[in-house]
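Student: First to last, the protein sequences are chains A, B and C. Per our numbering, the first sequence starts with residue 1, numbered consecutively. Per our numbering, the second sequence starts with residue 1, numbered consecutively. Per our numbering, the third sequence starts with residue 1, numbered consecutively.
No lab work stands behind these hints: they were computed from the structure. For every residue, glycine included, the Cβ atom is placed at its ideal position computed from N, Cα and C. A hint or two may mislead.
Pulled a few chain C residues facing chain A out of the computed Cβ check, cut under 8 Å [to be verified]: (1) P97; (2) A101; (3) D184; (4) A185.
Cβ-Cβ distance ranges computed for the label pairs, FRET-style [as the list claims (entries may be wrong)]: (5) B:R89 / C:E82: 17 to 27 Å; (6) C:A137 / B:A93: 51 to 61 Å; (7) B:E181 / C:A81: 19 to 29 Å; (8) C:A153 / B:N66: 50 to 60 Å; (9) B:A93 / C:E9: 41 to 51 Å; (10) C:G131 / B:E181: 33 to 43 Å; (11) A:E22 / C:A73: 26 to 36 Å; (12) B:R83 / A:T59: 15 to 25 Å; (13) B:P153 / C:A12: 51 to 61 Å; (14) A:E90 / B:P24: 54 to 64 Å; (15) C:P64 / B:D29: 54 to 64 Å.
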Amino acid sequence: MTTRARIGDAAVARIAAAVAAEVPGVVALRPDLGQTLLSLAGSLLGDPTAGTGATAVVTGDRVDVTVTLVTTLGHNARDLCAAVQRAVAERIRADTALAAVVTVTVADILV
Amino acid sequence: MHAMRTDGRERAEGSVEPPPAPPPEQDLDDTTLVVRAREGDVRAFSVLAERHQGVLYRLALRLVGNSDDAQDALQDSLLDMWRRLDRFRGDSAFTTWAYRIVTNRCLDLLRRRRTTVPVEEIEDRLASPVTTEHTAEVDAGLVALRAALLTLPDEQRACFVLRELEGLGYTEIAEITGATETAVRGRIHRARTTLAGVMRSWR
Amino acid sequence: MALEDVRIEPLACGRDAADVWDHAVAGELDEHERSCPHCRAAAADAAGLDGVVHRLAQERPHPPPTVLDAVLASVRDAVAAELRPQDLLPLDSPAGPARLARPAAARVLRHVVDGMDGMRARSCRIESHTGFDVTVAITVTARFGVDLASVTARVRQMLVAAGEQALGVPVSSVDITVVDLWEDA
């Protein structure tokens, strides 16, 4: 993996986090600690996207994005995931031309 | 959400309205809080911990004799409780289980730090003013008793504190300390005898 | 510590010293205990200690809030770090892979039950099955006097509805067990 791909990952992750945070119903983003630890295993420098609130791994013209979020009662969790996935994928395509697969985890629902 | 009103009418289809406010978690009984906490509900655990931390801290303080160690023991005990919730089966009261964890932590701490003071040193402690957090102490008898408590062997002090200061019964103390009721009774009596001797000579 | 002699020596008159002590503290000395010099000495010791012990027992030292704060911070970190694959329920999103943390789903369902008059949720187990269906097994406590048959039927309906509307999760079956009853304070 070259340095350019690393910058790519971080940039995409920041886009994803910024978009996801704006979707109505998203109260907070959580860094996906599990992902962070996994990506640390594969590199010496560590994951530069850790703490951003989203992670991204660019492979060719595709990117795998994960978003972990917190919402509140009053929003349908499944529909919220779909909304986040659409918004994030659209913005990534518009800004980077990459095709994104967005995995969303609802970590908590505040009541 | 199909909220069922008492008059039988249902809400409009499709609205995701939150249900009516439930009773505050402070009102939930220990068992309910334990079960919820065991299934990952941190808020339930925090209510449980807040409810019982005063009693548990008091116990720790009387066992280890100073507030720093007592705070450490309380903190470690509460974390233990969180980690071991799945092992608490509800066959004894939550408080008994909590007492046991705190008592064992304190006894471990004492064993490691060897703070049991020999009886000979009690004279020095009584002669010089005791600098604890109770610096405005006017009850000299209490000062003497606290110092005397710390001279007891740890197991005796534990049984004495649980009975005489926490008001627990012999059966529960036996469960908490893992000793037989006979042994508990014996330890309490020896503790009383020693303490009465100290108070007698102090008087 | 471990090997001390824990047998209680009888007083010279033959009485059990611990019994005399307990009687003295309770104010229930019998005739022998009140007149025998050995018993009276033991009772005096008991009385002398009991007063101070009571004063110590009245004290209510409080831990500083920092202790609980530190504990909860640790617990929350542990919970966040421990979200494992088996803790996730799959959500049927048309736009990509989506999952819901099981404890979050359970919290919502408990909240729904708690909102019902005379009902409080205890355990809430959600199991994922084929596809996106889940089954729910809950235990509840109910107020004395509540019509258990009708209220549990309503709980079932509300959980199915909550699953669909709040979570987006189809609940295919609900198992409810009433484990205890309570009265209002």
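Student: Work down the list of hints and note, for each, if the structure agrees.
Tutor: Outcome of the hint check:
no., hint, result
1, P97, "holds (4 Å)"
2, A101, "holds (5 Å)"
3, D184, "violated (23 Å)"
4, A185, "violated (24 Å)"
5, B:R89 / C:E82: 17 to 27 Å, "holds (22 Å)"
6, C:A137 / B:A93: 51 to 61 Å, "violated (25 Å)"
7, B:E181 / C:A81: 19 to 29 Å, "violated (43 Å)"
8, C:A153 / B:N66: 50 to 60 Å, "holds (57 Å)"
9, B:A93 / C:E9: 41 to 51 Å, "violated (34 Å)"
10, C:G131 / B:E181: 33 to 43 Å, "violated (57 Å)"
11, A:E22 / C:A73: 26 to 36 Å, "holds (29 Å)"
12, B:R83 / A:T59: 15 to 25 Å, "violated (39 Å)"
13, B:P153 / C:A12: 51 to 61 Å, "violated (26 Å)"
14, A:E90 / B:P24: 54 to 64 Å, "violated (43 Å)"
15, C:P64 / B:D29: 54 to 64 Å, "violated (27 Å)"
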